[in-house]
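There are 2 protein chains.
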Amino acid sequence: MSLPNTLYLPELREMLAENNAAELREFCTALHPARTADFMEGLTPAEAWRVLQFAEMPVRVEIFGYFSRDKQLDIIRLADRQEIAEFIAHLPPDDRVDILNALEPELVAELLPLLPAAERRDILRLRAYPENTAGAIMTTEFARLPEDLTVRQALDELARQAAELETIYYIYIVDSQDHLEGLVSARQLLSAMGRPDTMLRDLMERELVTVNVTDDREEVARKVARYDLLAIPVVDQERHMLGIITHDDVIDVVVEEATEDAYHMGGMAPLVESYLDTAFLTVWRKRAGWLAMLFVAELFTFTALASFEDAIKQIVALSLFVPLCISTGGNSGSQAATLITRAIALGQITVRDWYRVLAHEMLMGLALGCTLGCIGFVRAALTPQGILGDVSHWELAWVIAQAVALICLWGTITGSMLPLIFKRLGIDPGFASSPFVATLVDVTGIVIYFTIAKAYLL
Amino acid sequence: MSLPNTLYLPELREMLAENNAAELREFCTALHPARTADFMEGLTPAEAWRVLQFAEMPVRVEIFGYFSRDKQLDIIRLADRQEIAEFIAHLPPDDRVDILNALEPELVAELLPLLPAAERRDILRLRAYPENTAGAIMTTEFARLPEDLTVRQALDELARQAAELETIYYIYIVDSQDHLEGLVSARQLLSAMGRPDTMLRDLMERELVTVNVTDDREEVARKVARYDLLAIPVVDQERHMLGIITHDDVIDVVVEEATEDAYHMGGMAPLVESYLDTAFLTVWRKRAGWLAMLFVAELFTFTALASFEDAIKQIVALSLFVPLCISTGGNSGSQAATLITRAIALGQITVRDWYRVLAHEMLMGLALGCTLGCIGFVRAALTPQGILGDVSHWELAWVIAQAVALICLWGTITGSMLPLIFKRLGIDPGFASSPFVATLVDVTGIVIYFTIAKAYLL
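Chains as they are written, first to last, in this note's numbering: chain L, 1 to 458; chain W, 1 to 458.
Keep in mind the hints are simulated off the structure, nothing from the lab. Incorrect hints may have been included.
Where chains are identical, the list cannot tell them apart; a pair therefore holds if satisfied intra-copy or between any two copies.
Said to hold, decoys possible - Here are the computed lysine-lysine pairs in the DSBU-like style, where the Cα-Cα straight-line distance is at most 35 Å:
1. K71 with K286
2. K454 with K313
3. K71 with K454
4. K454 with K286
5. K423 with K454
6. K423 with K313
7. K313 with K286
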């Protein structure tokens, strides 16, 4: 998947030049749509759109769905407005909205009036849900039946709908006002084929796991993972059935969230496109922006150190331990932050647990600090007397041990509390693992270290 | 989900005390098995096992599947050997193996002979696959039919198997030697209900996405996500059908890999249990181990600095820029490492692309280094003369700018190459984002900085 699939490009281009309908039709249907899309990677958007014309609408929609987002947008930009509007009307409702959200607003304003009224309304409704909510990732196409059908009627109905719907394996039972009443799985229907007159109301499960339309998409992912669902129904406060979120979209959410978290931890803005496909200047801008901010923040270490210049001038050896002290704070802080961020992401703790976390981390910070302090004591005690001047080994070792222990405690408390505070403020807790926090702990670490050193040695 | 569900505990215990079979049976079946498991969280393993006796075997297996791994193991340890062996035989093949792998070997040796021969063979075969391979996470239970059935026969057969199998929505078509020939989805069968005499061979898809039994589980997750599959078939070199991996297990893989990566980046060994449930000493051991290793590694910054002690003694101001210089290396290194690690995880680049990555990152490191160098130059030029002694502003600014630029370039190259080198050596590339690498870059950063400083200023 890493190299463009250029193997069939010459053949494809030849087919296009000859307008060879039979072979192009064969190309569009012979493979899994995702593979067909892979083989079309090297084509220009215009060529890709021409090839797609040889596929039936459902296959065309599927192949298009596996193109990169950039290629999708380019195709929409260049295609005939009327033609592309008809095509957009056939896209799955959730993908359609994602794509329109990524297009230029003027183009969307041009396209919307060309769409059939039902699709236009659906798009406008879905676009109203804030990003990262269940509403923003749900699809409004799902199998829906009333409870007073028999198994035989339901199977007939399902056979009729099977070609159109993305997911037919869960059938949602709704009342006349579209309230969600229950669920019948295709598995249950198949098992009940021998009793074709059973009513759906007697078969359906009434205790359903649902999400609210305004729930965070991470909450959705957590529930689907916990309950091993193929799809989860999305309802409003009155339990109206609004849509479903399917297992494949949940995998995408989990992958995207993990990528976002990793970028935050690594100190950069997430890339939308693939690493080698993104323009050099775009990557530079995203990386330089973060690095420059971190660099400016880190300039405060200079300011902090400069304020202790007298101490350093008197005992140069003190400056040799600075990197050790500040990295202790950074490491213990980012360790605690990672642990708590991940526990929040996995739903193991919530903001309300903050006092339990604080108590736990204060004890842990003390235990960790003493461990590192002991190592620091030994190392400092082994410093050659030549470097130390007239400071005694034991005094220096005692200062280092205390400073390391205190900085470790401080880093652990800061690192564990920040994700919870961020979460409470509606900020992604992942930012707490970012180098920004390490920088904060660096500066305070310098202050702690020299304050202790001055108290004992000067 | 964060707090134990203690609401129903008194009622549950009362039912147990009264041996109230009717109510306990009702409790086991009224809710989704995952919720039932949640409500049983506060029970002791012995109590939980007693409650489970009131559920039919399929429900008992499902509820048990939602218990925490620790509770599952405790139940197996305390239950009657013969009884629990019979229960284990009913667990899904993939879960069963995971659980046995977590048990004491002596206990497994006691249990295995009590299992039916077929299940025992299945367990021994699955346990032979290395951890993190497709073989280790697949289940051997799937719907399998010969190609010479009609749609009607297939539906009847499926209705018979529906209750037993984990997944019936994909039916795999195999020949008499169990070679994978194709796939028919339940959706296709339902759509074809109107043509009940169609042969499966005329309906099935022959172009399948498969994984090899020795493939890495990350590769499995990538394919399932790319092709939006409900399940992916696992085959050997000769295309024998060995098992399937279902969408819910893939979500678990994605979540686990993300958690592992995050822990590596944060500098600690992954926790198996939930944050607040893990014993204090266990957490301390995992955290202190990493922090102590990092601390010992970071002691080299002292050694590196001590070797430049003369330079510091002559120009104390040089020591004030040390944290700035080393954090530049750490930040640019971890940024590059995160980017490349994530691109590897998402399948965007492979080890073979190393020269493209190197060329890209050398240019990028230069561009980023110049950006930060400029900021460093300005800040150093603004240093009050009092701190500098007899070093000129401009000389110092020039040294800082060069050092920052070079360290940034060095950090970027190291950070981008290490994940690829680790991958090549079979080590998790995620380790390259870990603080260990930052520590390495810290020490080399000191050497670069003082080498430049000595060349210009001494």
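Hint check results:
1. Taking identical chains as interchangeable, the C-alpha atoms of K71 and K286 lie at most 35 Å apart only when both belong to the same chain, with a minimum of 22 Å there against 46 Å between chains.
2. In this assembly of identical chains, the alpha carbons of K454 and K313 lie at most 35 Å apart whether taken from the same copy (12 Å) or from different copies (19 Å).
3. Taking identical chains as interchangeable, the C-alpha atoms of K71 and K454 are never at most 35 Å apart, the minima being 62 Å within one chain and 53 Å between chains.
4. Proximity of K454 to K286 under the C-alpha cut-off of 35 Å is restricted to the inter-copy arrangement: shortest distance 34 Å between copies versus 41 Å within a copy.
5. Taking the closest pair of Cα atoms, K423 and K454 never come within 35 Å of each other, the shortest separation being 38 Å inside a single copy and 47 Å across copies.
6. Taking the shortest Cα distances, K423 and K313 never come within 35 Å of each other, neither inside one copy (43 Å) nor across copies (46 Å).
7. For a Cα distance limit of 35 Å, the shortest separation of K313 from K286 qualifies neither inside one copy, at 40 Å, nor across copies, at 39 Å.
Checked against the numbered hints listed earlier, the structure breaks hints 3, 5, 6 and 7; every other hint is satisfied.
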